[in-house]
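Protein chains: 2
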Amino acid sequence: MERKPVLYMYYRSSSAARVSIALHYKGIEYEPRPVNLLQNEQLDEAYVSKNPSALVPLLIIDGCELSQSVAILEYLEETRPEVPLLPRDPAQRAHVRAIVGTICCDIQPLQNLRVLKTLPEEQRPEHARSIIARGLSVVEAMLEKTAGQFCVGDEVTFADCCLVPQLINAHRFGVDMGHFPHICAIEANASKLESFNRAHWTKQPGCPTELLSGPIQADS
Amino acid sequence: MERKPVLYMYYRSSSAARVSIALHYKGIEYEPRPVNLLQNEQLDEAYVSKNPSALVPLLIIDGCELSQSVAILEYLEETRPEVPLLPRDPAQRAHVRAIVGTICCDIQPLQNLRVLKTLPEEQRPEHARSIIARGLSVVEAMLEKTAGQFCVGDEVTFADCCLVPQLINAHRFGVDMGHFPHICAIEANASKLESFNRAHWTKQPGCPTELLSGPIQADS
Numbered sequence: 001m002e003r004k005p006v007l008y009m010y011y012r013s014s015s016a017a018r019v020s021i022a023l024h025y026k027g028i029e030y031e032p033r034p035v036n037l038l039q040n041e042q043l044d045e046a047y048v049s050k051n052p053s054a055l056v057p058l059l060i061i062d063g064c065e066l067s068q069s070v071a072i073l074e075y076l077e078e079t080r081p082e083v084p085l086l087p088r089d090p091a092q093r094a095h096v097r098a099i100v101g102t103i104c105c106d107i108q109p110l111q112n113l114r115v116l117k118t119l120p121e122e123q124r125p126e127h128a129r130s131i132i133a134r135g136l137s138v139v140e141a142m143l144e145k146t147a148g149q150f151c152v153g154d155e156v157t158f159a160d161c162c163l164v165p166q167l168i169n170a171h172r173f174g175v176d177m178g179h180f181p182h183i184c185a186i187e188a189n190a191s192k193l194e195s196f197n198r199a200h201w202t203k204q205p206g207c208p209t210e211l212l213s214g215p216i217q218a219d220s
Numbered sequence: 001m002e003r004k005p006v007l008y009m010y011y012r013s014s015s016a017a018r019v020s021i022a023l024h025y026k027g028i029e030y031e032p033r034p035v036n037l038l039q040n041e042q043l044d045e046a047y048v049s050k051n052p053s054a055l056v057p058l059l060i061i062d063g064c065e066l067s068q069s070v071a072i073l074e075y076l077e078e079t080r081p082e083v084p085l086l087p088r089d090p091a092q093r094a095h096v097r098a099i100v101g102t103i104c105c106d107i108q109p110l111q112n113l114r115v116l117k118t119l120p121e122e123q124r125p126e127h128a129r130s131i132i133a134r135g136l137s138v139v140e141a142m143l144e145k146t147a148g149q150f151c152v153g154d155e156v157t158f159a160d161c162c163l164v165p166q167l168i169n170a171h172r173f174g175v176d177m178g179h180f181p182h183i184c185a186i187e188a189n190a191s192k193l194e195s196f197n198r199a200h201w202t203k204q205p206g207c208p209t210e211l212l213s214g215p216i217q218a219d220s
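Chains as they are written, first to last, in this note's numbering: chain H, 1 to 220; chain C, 1 to 220.
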């Protein structure tokens, strides 16, 4: 009997959220398994043996242990293409992947906890804000040429799976979103879809309930 | 008449080298066009209008302007599959892309000039060394399960296109390679291939000739 895929995730991880959105969008049922990064559970020997990077996400699917969110997105697209997350045209696909690369290589790694920890505490919010704002301005300029209802045309793609979770941090660190009309429109369109809503950080296992009753408007 | 692809690059850019290796490996003739990052030529208005990220590489091909090295690799694979750089099996492809993600998201962005510039000068080499060493230890552990002559099996893939240029910086910052036997073996195997040699930084236009007569052994 086919076992349900297992997604090792952390409720605040934008990288895990990319995969979670894609799974929901493609209608793939899975079992989320929280890895508490603040308690360093990602360093447990059993986890590292499955995922040497000691990062989330990790997806167990089809008997394989798959790490790295973008690699997982590509795998899901290759093995479950029925509900596509890439356009057919190679140039359009390249535009999708260029937006993905901008978010996953040029924004997210430079503003995550691992980097922020190397800075004095009082400098962290401004550093994160500035990295995210600069990165989003690049994405906004790319969207100028490619956007429809979503990042590339009118269908959801990998680019939206990556952009929307990154915006959680943009809001969290107080990035002025007024400069990014395309991004804001895409965020609003995504918020109407069940797949994005089900993957929202407030709905993930492991999300502390006290965060849900506090001032989360800026995050959601 | 079909125009030759144009690759905007910088001789020291490991991201540009990934694409350069792939182009050579697939036998695609191209025209390299140096963008001097030290002289901020990437900020020229004409360049930014083509590539809002103001980064290299940028590949002009088939009438498209393509940015982000991994997006470009995928495009080349989709449009020029005759000499493949990905295995056929989806799980193997995912392993290739997981190594790519580890290098392109978790190593390269954290050790490049843009990040190093935020640190006091005396801390930069140790910071870069430590980021690269930690990242390569993850790659080495992944290779334990996947490596043959190259990163995943016995054929060159995207993973090798990304790993080998990253090693230039590993050598440059004095990372102790003794911990990474698989990586060293792959580097040695790649060094026997014309595609990797033609893409070597010392052979790129814009490489200052004084560097070639100096102590470059540690870099090559």
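Misleading hints may appear alongside valid ones.
For identical chains, the list gives no copy identity; a pair is met inside one copy or between any two copies.
Each computed DSSO-like pair below joins lysine-lysine, with the alpha-carbon atoms no more than 27 angstroms apart [unchecked claim]: (1) Lys50 / Lys192; (2) Lys145 / Lys117; (3) Lys192 / Lys145; (4) Lys192 / Lys117; (5) Lys145 / Lys203; (6) Lys50 / Lys145; (7) Lys117 / Lys26; (8) Lys4 / Lys117; (9) Lys4 / Lys145; (10) Lys192 / Lys26; (11) Lys50 / Lys26; (12) Lys26 / Lys4.
No wet-lab data here; the hints were simulated from the structure.
Taking the hints in turn, this is what the structure says about them:
For the identical chains of this complex, Lys50 and Lys192 are neighbours neither inside a copy (35 angstroms) nor across copies (33 angstroms), given an alpha-carbon limit of 27 angstroms. For the identical chains of this complex, Lys145 and Lys117 are neighbours neither inside a copy (36 angstroms) nor across copies (31 angstroms), given an alpha-carbon limit of 27 angstroms. In this homomeric assembly, Lys192 and Lys145 come within 27 angstroms of each other (Cα to Cα) only inside a single copy, at 24 angstroms, whereas the closest approach across copies is 42 angstroms. In this assembly of identical chains, the alpha carbons of Lys192 and Lys117 never lie at most 27 angstroms apart, being 35 angstroms within a copy and 41 angstroms across copies at closest.
Taking the shortest alpha-carbon separations for Lys145 and Lys203, neither the intra-copy value of 33 angstroms nor the inter-copy value of 35 angstroms comes in at or below 27 angstroms. Taking the shortest Cα distances, Lys50 and Lys145 sit within 27 angstroms of each other only across copies (11 angstroms), while inside one copy they are farther apart (40 angstroms). In this assembly of identical chains, the alpha carbons of Lys117 and Lys26 never lie at most 27 angstroms apart, being 36 angstroms within a copy and 42 angstroms across copies at closest. Taking CA atoms no more than 27 angstroms apart as the test, Lys4 paired with Lys117 passes in neither setting, with 36 angstroms inside one copy and 46 angstroms between copies.
When the C-alpha separation of Lys4 and Lys145 is checked against a cutoff of 27 angstroms, the pair qualifies only between copies, where the shortest distance is 24 angstroms, while the shortest distance within a copy is 39 angstroms. Within a single copy, Lys192 and Lys26 get their C-alpha atoms as close as 16 angstroms, which meets the 27 angstroms cut-off; across copies the closest is 43 angstroms, which misses it. With identical chains, the CA atoms of Lys50 and Lys26 are at most 27 angstroms apart within one copy only, with a shortest distance of 25 angstroms there and 33 angstroms across copies. Taking CA atoms no more than 27 angstroms apart as the test, Lys26 paired with Lys4 passes inside one copy only; the shortest distance there is 14 angstroms, against 39 angstroms between copies.
The earlier numbered hints that this structure contradicts are 1, 2, 4, 5, 7, 8.
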